[in-house]
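> Here is how the chains run, residue by residue.
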Amino acid sequence: MNRTYELMFIVRPDMVDEDLNKLISTLGSSVTSAGGTLKSEVWGKRRLAYTVRRFNDGIFVLLIIDGTGAMVHEVERRLRVTEQVIKFITVRTDEEVKRLDKIKKLRDAKKKISAAPAAPVTPEAGGETAPAAV
Amino acid sequence: MAEETKAPAATGGETRPAERSERSERPERSDRGPRGPRPGGGPGGSREGGRKYFRRKKVCKFCVEKIEAINYKDVRLLAGFVAESGKITPRRLTGVCTPHQRRLSKAIKQARNIALLPFAGRAQ
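So the protein lines, in turn, are chains Y and G. Residue numbering for the first sequence follows the numbering used here, starting at 1 and increasing by one per position. Residue numbering for the second sequence follows the numbering used here, starting at 1001 and increasing by one per position.
Isolated chain Y, as found in the complex (with noise of 0.2 Å):
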């Protein structure tokens, strides 16, 4: 039963790159062990829009899990362990994707629908796309 999640947490300001970099590898091998896939993405510096445990800053990562909620519960327990870290979420996005998807397919097909009786005229075309862009 694989799913999606979105996992990001927030490290001290002051943390080596070389150890955050550690940090995400040690929970990305936690996770392929389990048979699950990781990615991450690290957003750098950044303000926090209240001050937790004393900081005014931090550094955002953002994981994407792709497995189980077992391996989430792994990655979240080691979060929680590591002092560094200030703060976490864990959002799940498979289905918001999923739907995002079924929309996407739906307007893909209408856009066709559309599309095909006024294909010799170019501009309407055009002119559809327009407003969405405004």
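Bear in mind the hints are in silico, worked out from the structure with no lab data behind them. Please note that the accuracy of each hint is not assured.
[Unchecked claim] Here are the simulated DMTMM-like cross-link-like pairs (lysine to aspartate or glutamate), alpha carbons at most 20 Å apart as the crow flies:
#1 Y:110 <-> G:1068
#2 G:1073 <-> Y:6
#3 Y:102 <-> G:1068
#4 Y:104 <-> G:1065
#5 G:1106 <-> G:1084
#6 G:1057 <-> G:1084
#7 Y:98 <-> G:1068
#8 Y:87 <-> G:1074
#9 Y:45 <-> Y:83
#10 G:1109 <-> Y:83
#11 G:1061 <-> Y:95
#12 Y:105 <-> G:1065
#13 G:1073 <-> Y:96
#14 Y:39 <-> Y:76
#15 G:1106 <-> Y:83
Following the hints, put chain G in place on chain Y, whose structure we already have.
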């Protein structure tokens, strides 16, 4: 007749900027006492003096621009729907439709949790 046609155009030109500025300073308004008639209450309503206002009906930004993905990571987008006090702006002020407001408020709450948006007050 000519005057009548002229009047709504003039008032429309006058009220539009006023409404804009009022909308941008939305949070302060909540501190005030009784509010005047709400902007954009409906198409054409008469106020004191019998002056007629024609306001454009507010439409859902997400429906118009076909933004389906309302994500907690998109702080720029979400910040537009949060008052300066940090509160989520109600639908009646922004014109967002119910399904989108539901997603929006969820995303804002998630963003608050990860310190992307403030719970109260503006971000330092």
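> Next step is simple, just say for each hint if it's right about the structure.
Hint check results:
1. Y:110 <-> G:1068: Distance of about 16 Å is within 20 Å: holds.
2. G:1073 <-> Y:6: Distance of about 11 Å is within 20 Å: holds.
3. Y:102 <-> G:1068: Holds. Residue 102 of chain Y to residue 1068 of chain G sits at ~11 Å (cutoff 20 Å).
4. Y:104 <-> G:1065: holds (14 Å)
5. G:1106 <-> G:1084: It holds: about 18 Å lies between the C-alpha atoms, which stays within 20 Å.
6. G:1057 <-> G:1084: violated (24 Å)
7. Y:98 <-> G:1068: With a Cα-Cα distance of about 12 Å, the restraint between residue 98 of chain Y and residue 1068 of chain G holds, given a limit of 20 Å.
8. Y:87 <-> G:1074: Judged against 20 Å, a Cα distance of about 18 Å means the pair holds.
9. Y:45 <-> Y:83: holds (18 Å)
10. G:1109 <-> Y:83: violated (25 Å)
11. G:1061 <-> Y:95: violated (23 Å)
12. Y:105 <-> G:1065: Between residue 105 of chain Y and residue 1065 of chain G the Cα gap is close to 17 Å, so the pair holds against 20 Å.
13. G:1073 <-> Y:96: Roughly 14 Å separates the two Cα atoms, so the pair holds.
14. Y:39 <-> Y:76: Satisfied, since the Cα-Cα distance of roughly 15 Å is no more than 20 Å.
15. G:1106 <-> Y:83: The given pair, whose Cα atoms are some 29 Å apart, is violated under the 20 Å limit.
Hints 6, 10, 11 and 15 from the earlier list are contradicted by this structure; the remaining hints agree with it.
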